[in-house]
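S.K.: Chain residues, written in single-letter form:
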Amino acid sequence: MNYTFQFNVVWRNFDALLEGAWLTLQLGVFAFTMGALVGLLGAAIKTYGPWPLRWLVNLYVVFITNTPALIQIYFLYFGLPEFGIRWSNEACVLIGLTLNAGAYLTMILRAGFLSVRRTEMEAGETLGMSPVQKIRYIVVPHIAKSIYPALANFFIVILVMGTSVGAVIGVDELTGQAINLSTVNYRWLEYFTVIAVMYVVLTFIASLGLALVGRWAFRVKARIF
Amino acid sequence: MPHLAVNDVYAKYGALEVLHGIAFEVDRGEVVSLVGPSGSGKSTVLRTLVGLTPVSRGSVEVDGTSIDYRSGRALKAARDRMAIVFQQYNLFQNMNVLRNVTLAPTKVKGRNRREVEEEAMELLALVGMSDKAGAYPDELSGGQQQRVAIARALALKPDILLLDEVTSALDPELVNEVLDAIRRLAREGMTMLLVSHEMAFVREVSSKVVFMDKGRVVETGAPARIFDAPESDRARDFFGKVLRG
Ligand SMILES: Nc1ncnc2c1ncn2[C@@H]1O[C@H](COP(=O)(O)OP(=O)(O)OP(=O)(O)O)[C@@H](O)[C@H]1O
Ligand SMILES: [Mg+2]
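Protein chains in written order, with this note's numbering: chain A, 1 to 225; chain B, 1 to 245.
I should point out that these hints are in silico values taken from the structure, not numbers from a laboratory.
Note that CB positions come from ideal geometry on N, CA and C, so glycine has one too.
Don't take each hint at face value.
[Stated by the list, open to error] Restraint ranges, calculated between C-beta atoms of paired labels, are given here:
1) Leu212/A with Thr220/B: 58 to 68 Å
2) Leu16/B with Trp216/A: 20 to 30 Å
3) Glu139/B with Thr183/A: 55 to 65 Å
4) Pro50/A with Leu16/B: 22 to 32 Å
If we strip away everything but chain B, and leave its shape as in the complex, we get (with noise of 0.2 Å):
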């Protein structure tokens, strides 16, 4: 049984559908990329499985069990297993970075606050941030901040991290330091589906690419044969233009 599973899905923003039945798995421990141009959908499918952006039709399982987002706890129980990184560095631009991290384990769920920022230390370590917990988002640079975000991210004991385009706002020397994070995750085992466009990267760490264009998966497979061997004209197109840089 895969660990997640997206069956089908639809999705639209208003009367505009973008999504037209979406499916791929992810098993456990496993890195799988989402790839494609721009406007394909690869955020909106991340969206849809934290409940950002309904889905319209089809559905998502996590370890086989459906998830039902119209029920409220439903889709508490599904952000418990499913985090997400969005592009836009995101952290509460009021309150510092180890407050950033702890906020949601002691509020939301609870947590001894001792505890959490005992476990929210080692994961700013684990990020290469522990030096900067006592500051604020704005006095940070976007990969500080990037990195912060992805501490915050797994602070919840997430199953799945969902990672969208998490270097592309990025200067070209703080890309390195968000993948150096990235790649440690990835070698603890933690299942992650990542939307990027650093190729060489999705390469590296993906078990498996999916392609995506117009809303539709086009193509799913090992990097190595969707890169230098695509199926589809689609894919052989857009990889000879962004490989080719």
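Chain A with its partners taken away, still in its complex shape (with noise of 0.2 Å):
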């Protein structure tokens, strides 16, 4: 191989892709939380909910998690208009990672819901506690604190391989920025070299964050790696 690496380029257009980065970070927060969100209403529906709206949250999960997400984002950016509903790529990047989040986080958080044990949903319930109050106070930390590790995989899923799935429809996120650039001057295989090792380091960034947040809010002793 007698290909020259020219990073200098690269160098040059730096901001613009530490502003990819961030607008990765925000889109990836946004998403998840959104989607925890949505998770959460999802999994509470499966497991107390009459059956015709369980039944529609099963159709829900099931639509989105045997679809791609490139097909639910090109749904709503090219398909959506023809129907008289017209948002910016960014916005419907935003709702289809929360949607597409929400069916895998339904699935993930109804295994949480499972696990809480029946004693303390009775000792909330004989204490006079509403049905949101013991999601609330005994579901919702029990799940954060039992399967954390699940959830912070899961961030990073939607972190790296979900966000950047807005590249293809102009949103200039970390992959988008490199395409923009690198279709300027051709020197694609350093844009992605570097873009791959911001990846990793925003991984990093997350995860401490995620273990950070967990030890002090939930007591989990999560590994970092």
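From these two lone chains plus the hints, build me the complex, please.
M.R.: Written out as structure tokens, the structure is:
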């Protein structure tokens, strides 16, 4: 191989890559947080809801988890305008990733709902807690603690794999920025080498943050790697 | 008028009827014990009182007012009056001791947090757990958890405390610390309905013993009478076995 790496162009445009990384992090955090709320609702319905609602949630989960995220976002961006619904490309990515994460998180969180000790729920019940209070004070802390590693892993999946889908509809997150820049001067290999490293750094920062949050808020002794 | 009256109560799990007409009364400040063989329905009685298992027939009266368990508001009111502690320690695992005790008064009752915390510390002192206020349940022994559960139940200021075999999951050396806490409550005039296999303890603290078998009340009376001169064959048989050990 007699390819000569020339990183100078990359460094000259490093600001743009940093901006992309920042957007990636924002998209990841937002989609995960909103997805977690959707997943919490989905898991609560699957566990305690009446059958028509349970059935709807099942439909949602099956539909989302069996189609590619790329297609879902294409549908929002190119499909919905046919029905007169027009969202910006960033909105499409946010909504698409939220719906996507929500379905996976419904399944992940459902395991947490099922593993809550019945006696704790009965204690909450006899102490007069409402259903929402039981979920808030008993189920959620239990889930956060017992399946924290699974949640943290899933956050990384969204952060790295989920957000980069935005590139295909022109959202300038990290992958999108790299594509934009390298089409100008054809330094594909350099750009993609650098953003690969940036993704690793981003993942490391996110894992560290999650481990600290877990330790502080939920007494989870999470390993960082 | 009795403080708590259980009138001909029936209850079932699904299609299986396990209580076939239970009746007894508890006066204010009295300690009443439910005893009987395993599976006789003692836990189910306590569960029906707090609305965890539905009453299918009969009624429960507190101070002469019958509780309508189908109405959410009446159920809430009943749970204000009666608090239950289960055999299996069921503390909230994700909260420390103090928060376990203060959660319901602050979040359910909306009371002032500082005031509730002060009361909680007094209750923890009562059960001998004030030095563990910051500990989590998984850092406590079974006996310690059970004493916290008692404090948590008391934090809602119930009129009647229901205790379901609170010592049966404990190592023998831990039993006494829990029994001491209950003795102290009895001395303070707390009305209690307890299920226990500790016959010596039952005899010591109860003013009345209700002997149950197969979902029915077989005999009711003062502890000395029930233990020493049971009228029914079933009770004679049972106490003959458990008292001889
Ligand atoms: N959740 C349940 N579903 C079905 N049947 C149950 C359930 N809980 C208890 N039972 C049945 O109800 C009957 C009464 O049970 P209960 O737990 O009230 O007895 P108990 O007197 O408390 O016994 P023990 O001394 O062993 O605690 C038993 O036959 C038991 O098998
Ligand atoms: Mg029992």
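S.K.: All hints are to be evaluated individually against the structure, with a verdict given for each.
M.R.: Hints and how they fare:
For Leu212/A and Thr220/B, the hinted distance range of 58 to 68 Å is satisfied, since their beta carbons lie about 60 Å from each other. With their beta carbons about 47 Å apart, Leu16/B and Trp216/A fall outside the hinted range of 20 to 30 Å. Under the hint 55 to 65 Å, the C-beta atoms of Glu139/B and Thr183/A, about 59 Å apart, fit the expected range. Judged by the Cβ atoms, the range 22 to 32 Å given for Pro50/A and Leu16/B holds: they are separated by roughly 25 Å.
Violation of the numbered hints given earlier is confined to hint 2; every other hint is satisfied by the structure.
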